[in-house]
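Trainee: Sequence:
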Amino acid sequence: MEIVGPWWNDLLPIVAIVLSLGTLIWTIWDKNRSLARVTAKTDGLSWPYLDEADANGSKGFVNIAVKNEGRVDSTVISSIIMEIPMEKSKRPIMLVQPATSSHDLPQKIEPGATFVFGFDLEQIARATRGDMSYLKRIRCKVRSGHGDVNLPLQRDTREYIAHFAPEWKAAEM
-8 MEIVGPWWND
2 LLPIVAIVLS
12 LGTLIWTIWD
22 KNRSLARVTA
32 KTDGLSWPYL
42 DEADANGSKG
52 FVNIAVKNEG
62 RVDSTVISSI
72 IMEIPMEKSK
82 RPIMLVQPAT
92 SSHDLPQKIE
102 PGATFVFGFD
112 LEQIARATRG
122 DMSYLKRIRC
132 KVRSGHGDVN
142 LPLQRDTREY
152 IAHFAPEWKA
162 AEM
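The sequence shown begins at -8 in our numbering and counts up one residue at a time.
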């Protein structure tokens, strides 16, 4: 009669536990990867053709690209706004709607799809007066069925707005 069994009798339960935990972690990770994930980024600046500039009254646009990074689920973008801080206020007062878009809101966004929304560059420059302390606090907010995304403007975009703000300030005087 043998008191101690073969060495693999002790190893098999440990391997079974490790495999079970690995499978659980993989399942959770794969499920989260499949859900809709909305991301937003500053997608540079654009300028309209001359006839469009006359119709919209804008010299340029700050573009925000909204993308569904999920693999399977679609979601709905219900709103996109830009919060611009005003003088002597830590709370955003001015809310700017997109000036251009190829899509009306609310809009269903499929996995991998990207929508670009343009905000009036001149309106942002006039509201902030080109002051970098205000420009750093600008936030673009995208609301979707799977959560909200807050996006600061990229540094090169802020610098461009600050560069052209004096031109519009001088035109007002």
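Treat the hints as calculated values from the structure; they're not laboratory data. Be aware that a few hints might be false.
Said to hold, decoys possible - Listed next, with one range per pair, are the computed distances between beta-carbon atoms:
1) 122 to 22: 42 to 48 angstroms
2) 18 to 74: 36 to 42 angstroms
3) 2 to 141: 16 to 22 angstroms
4) 10 to 69: 40 to 46 angstroms
5) 22 to 67: 17 to 23 angstroms
6) 97 to 22: 49 to 55 angstroms
7) 22 to 120: 34 to 40 angstroms
8) 62 to 2: 34 to 40 angstroms
9) 6 to 74: 49 to 55 angstroms
10) 25 to 150: 37 to 43 angstroms
11) 17 to 147: 38 to 44 angstroms
12) 3 to 26: 33 to 39 angstroms
13) 105 to 4: 45 to 51 angstroms
A quick note: this is a predicted structure, and the numbers were derived from the prediction, not measured. By construction, the Cβ of each residue, glycine as well, lies at the ideal position given by its N, Cα and C atoms.
Trainee: Does the Cβ-Cβ separation between residue 2 and residue 141 fall within 16 to 22 angstroms?
Mentor: violated (50 angstroms)
Trainee: Do residue 17 and residue 147 keep their Cβ atoms within the hinted range of 38 to 44 angstroms?
Mentor: holds (40 angstroms)
Trainee: How does the Cβ-Cβ distance of residue 105 and residue 4 compare with 45 to 51 angstroms: does it lie in that range?
Mentor: Roughly 49 angstroms apart at Cβ, these two residues keep to the hinted range, so it holds.
Trainee: Could you check the hint for me, namely that residue 97 and residue 22 are 49 to 55 angstroms apart, CB to CB?
Mentor: violated (26 angstroms)
Trainee: Within 42 to 48 angstroms: is that where the Cβ-Cβ distance between residue 122 and residue 22 falls?
Mentor: holds (45 angstroms)
Trainee: Is the hinted range of 34 to 40 angstroms satisfied by the C-beta distance from residue 22 to residue 120?
Mentor: Since the Cβ atoms of residue 22 and residue 120 sit about 48 angstroms apart, the hinted range of 34 to 40 angstroms is violated.
Trainee: Hint says 36 to 42 angstroms; check whether the CB-CB distance for residue 18 and residue 74 agrees.
Mentor: Check passed, 39 angstroms falls within 36 to 42 angstroms.
Trainee: Has the hinted range 34 to 40 angstroms been met by the Cβ atoms of residue 62 and residue 2?
Mentor: Between residue 62 and residue 2, where Cβ atoms are some 37 angstroms apart, the hint holds.
Trainee: Verify the CB-CB distance for residue 6 and residue 74 against the hinted window 49 to 55 angstroms.
Mentor: Because 54 angstroms falls inside the window, the suggested range holds.
Trainee: Could you say whether the range 17 to 23 angstroms given as a hint is met by the Cβ separation of residue 22 and residue 67?
Mentor: holds (21 angstroms)
Trainee: At the C-beta level, are residue 10 and residue 69 separated by a distance inside 40 to 46 angstroms?
Mentor: holds (43 angstroms)
Trainee: Return holds or violated for the Cβ distance of residue 25 and residue 150 against the range 37 to 43 angstroms.
Mentor: holds (39 angstroms)
In summary, the numbered hints that this structure violates are 3, 6, 7.
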